[in-house]
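S.K.: These are the residues of each chain, in order.
Protein chains: 2
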Amino acid sequence: MRPADMPPDEFRRHGHAVVDWIADYLENTRDYPVLARVQPGDLASELPGSAPEQGEPMEQILADFERQILPAVTHWNHPNFHAYFSVSASAPGILGEMLAAALNVNSMVWLSCPASVELEAVVMNWLRQWIGLPESFFGMIHDTASLSTLHAIAAARAVADPTVRQIGGAQGLVLYTSQHAHSSVEKGALSLGIGRNNVRKIGVDSQFRMDPSLLRLAVATDTANGLHPFCVVSTTGTTSVASIDPVNEIQDVADEYNLWHHIDAAYGGPAAILPELRWILDGAGRADSLVVNPHKWLFTPIDLSAFYCRRPEILRQAFALVPEYLKTNHDKVAVNLMDYGIPLGRRFRALKLWFVMRYFGREKVISILRSHIEWAAELRALVEADSRFEVVAPTLLSLVCFRLASGDESTRALLDAINASGQAFVSGNVLNGHFVIRFAIGNIGTTRDDILAAWGLIRSLVR
Amino acid sequence: MRPADMPPDEFRRHGHAVVDWIADYLENTRDYPVLARVQPGDLASELPGSAPEQGEPMEQILADFERQILPAVTHWNHPNFHAYFSVSASAPGILGEMLAAALNVNSMVWLSCPASVELEAVVMNWLRQWIGLPESFFGMIHDTASLSTLHAIAAARAVADPTVRQIGGAQGLVLYTSQHAHSSVEKGALSLGIGRNNVRKIGVDSQFRMDPSLLRLAVATDTANGLHPFCVVSTTGTTSVASIDPVNEIQDVADEYNLWHHIDAAYGGPAAILPELRWILDGAGRADSLVVNPHKWLFTPIDLSAFYCRRPEILRQAFALVPEYLKTNHDKVAVNLMDYGIPLGRRFRALKLWFVMRYFGREKVISILRSHIEWAAELRALVEADSRFEVVAPTLLSLVCFRLASGDESTRALLDAINASGQAFVSGNVLNGHFVIRFAIGNIGTTRDDILAAWGLIRSLVR
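Chains as they are written, first to last, in our numbering: chain A, 97 to 559; chain B, 97 to 559.
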């Protein structure tokens, strides 16, 4: 009995309707244009300028969801969403989110929801094993890789300058990452007060991998100039081109100069579940921290970023602040995750990943990821076989980067035509000064036929 | 058709079962002990050490959810959850989360989900009107107040030292907040590299409100000592005692010394929707930023923190970083929320708040909040009437703080006994050197009878 809330029977009725809608949506996502066909401001101008005084019937709200909201949705769950990274929410993951929303726990301390805290430890441990990280890594969940990486850099800062927590500042610290690293690395550094000028973007080889000799040179130069190199962030599966930085050789430099080594495996990490791709994380066990996002390529609804750290006590030293109103009788024996990072509130994100890992199991996950990687290789071969196109980067994982040989302008026009078609959505990038199309595969709903159809579409749109 | 995912009919079947479970759970949450009756490690030791190789049936996973997970859940949705702040997920909010999980969009840029970006602007605008902030405030959603406040402090830092983005550092910046401010203020400052030593905790008056004259004195002293006061964080509804800092007088000091004024209204903000409590945000329109959490006292599932900023261009200057792979054709005409903060990924959080605000409407929200406030006053009167107890702080909103006159030890024992009963969950604090019990009201399922029953329970447990 919750007299102020929607009556239980009404919730039951609408809940069933919403489940049916979701089931239909998952089955028929292909019927929607991938990219929303609206202009900026269209939706906002259609909605009332103020919230209603009196409550409205849920039927009306759900009808407006379909009528007003849906046409302005870009369908990330569409099997031909190939932009950015192609992520998707699997059905078991959606069921997990439904239950998490109903429980609505906040697991800032163990006592406030032991299930959430302990299941988080369990699934982080399971995932750690799948990607081959050693037992010494402590895992916890953040919302996004942006936050995971920011926490890694903060830990690195705490090691390099233990006084920063008390007195702030930390001038002269220098961070290293590749020219093709994700923007979240630089954003983390500038947020923490490291400064953009103290972020060195190390050059890459012909396969867009960070060059360890250039890294060593940069670190040595900064050291000689009295600066304080403190952190290197490598990437296994760059957003730019899905290149794989040489983790072991970067770790050698990190060891030599006492740098914290964080690995951004947000997209690429799940590929290490495949025995034939385990090598992409070779040496990761020597690093200090790593991020992998199950919400990217592990069919878990957004948001769930897994952050691993070999030295959790550093996180605790950097972040723990326990006011009286958050003390409990279990603080000496239980892990309170609020002590290990910035956000106090923590929702029950582990539940959906538990559902996903159990429902599919390792073998099915491997077979799905393997098919994505095979289709990417197949698409690459098709692109290579068409003389109008050039493939511009290796295709190790599930991202194919290509352009029209006729130039940037025609490549941009092709991207716009693909996206305007409503049948596929791809995104762009600039590589070696040229505009390229990024075609990412990773949606659990995608089939080989979808990829072939998309390629047919792309070919037909070349002018 | 998503051949690799759970078949649609299977999702439909499990989805209906989960909805029925949620409906029963919301109706019968009272049947569960509020606080999980487990010891640290109980759940973790019960679960397998590794994820399964082969997938498991969803029936089994859902059965294990009930058998293994549920007993380790502390029930935040229980009507006698009175610890911390009593938050709850309303049924319309849960429906919103279900749809958001299914759509699984990532609205980092406008193009990647116009509906999410524009609905966020719309509901932030609606909520802004409800709490009486002027139109000049730009609103966006973060996961937690911790992140909202961190972004406010980062914006303050950017104003105080525009070079920090490029060169880092920012030595000598000093931040002010009250002795009863939330720990997230200090955590934000230390995360950003301000340093704990540069956080001044200003004394309070007898009603636990920041003393503006002490603030002015501290700022003047630091200025005279060559330091750089840059930010003050006031609180309307402290976690400690729900005290209301004098916003206008603090703003006067902020104006005088050119400080960024951020208001933490995470808990208390929704009370300003009530005409008789609008005064708690008097002067907020003069401030620079404000956070209010609909996931606290506005029946919205965790997580949804509303962050308002009068100078969004400062956020953009501080945080925008646009790599080639995130550029779109609409960047000049549309708002890309990734430019205004740290997290790149953004899930469709606005949907659940849209559902909540429309389903209840302003009048129903007011009536629910008003009942919570009335019951808090009633409970306070009951506590005052029992000579064994002392009420230790004003009860302006929905939090009652009290202790046993017989001392800290008996008060702690009482808290433990309440929580061990399974019939209510309260949390503690230390005020003026004495241990006190915090009794928070705010759950949408709570009734007056629940409060009276909890008070009966508390009285019966005094030894």
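Quick caveat, the hints were computed from the structure, so don't treat them as lab data.
Any given hint might turn out to be false.
Identical chains blur together in the list; that is why a pair holds if it fits in one copy or across any two.
Stated by the list, open to error - Think about it this way: if two alpha-carbon atoms lie no more than 25 Å apart in a straight line, the pair counts; the simulated SDA-like pairs of lysine to any residue are: (1) K460 / G265; (2) K297 / L417; (3) K428 / L492; (4) K297 / R133; (5) K297 / A481; (6) K428 / A100; (7) K460 / N124.
S.K.: Give a verdict on every hint.
M.R.: How the hints compare with the structure:
1. When the C-alpha separation of K460 and G265 is checked against a cutoff of 25 Å, the pair qualifies neither within a copy, at 48 Å, nor between copies, at 48 Å.
2. Taking identical chains as interchangeable, the C-alpha atoms of K297 and L417 lie at most 25 Å apart only when they sit on different chains, with a minimum of 14 Å there against 34 Å within one chain.
3. In this homomeric assembly, K428 and L492 never come within 25 Å of each other (Cα to Cα): the closest approach is 46 Å inside a single copy and 35 Å across copies.
4. With identical chains, the CA atoms of K297 and R133 are never at most 25 Å apart, being 37 Å at best within one copy and 51 Å at best between copies.
5. When the C-alpha separation of K297 and A481 is checked against a cutoff of 25 Å, the pair qualifies neither within a copy, at 34 Å, nor between copies, at 68 Å.
6. In this assembly of identical chains, the alpha carbons of K428 and A100 never lie at most 25 Å apart, being 39 Å within a copy and 44 Å across copies at closest.
7. Taking the shortest alpha-carbon separations for K460 and N124, only the intra-copy value of 23 Å comes in at or below 25 Å, while the best inter-copy value is 37 Å.
When held up to the earlier numbered hints, the structure conflicts with 1, 3, 4, 5, 6 and fits the remainder.
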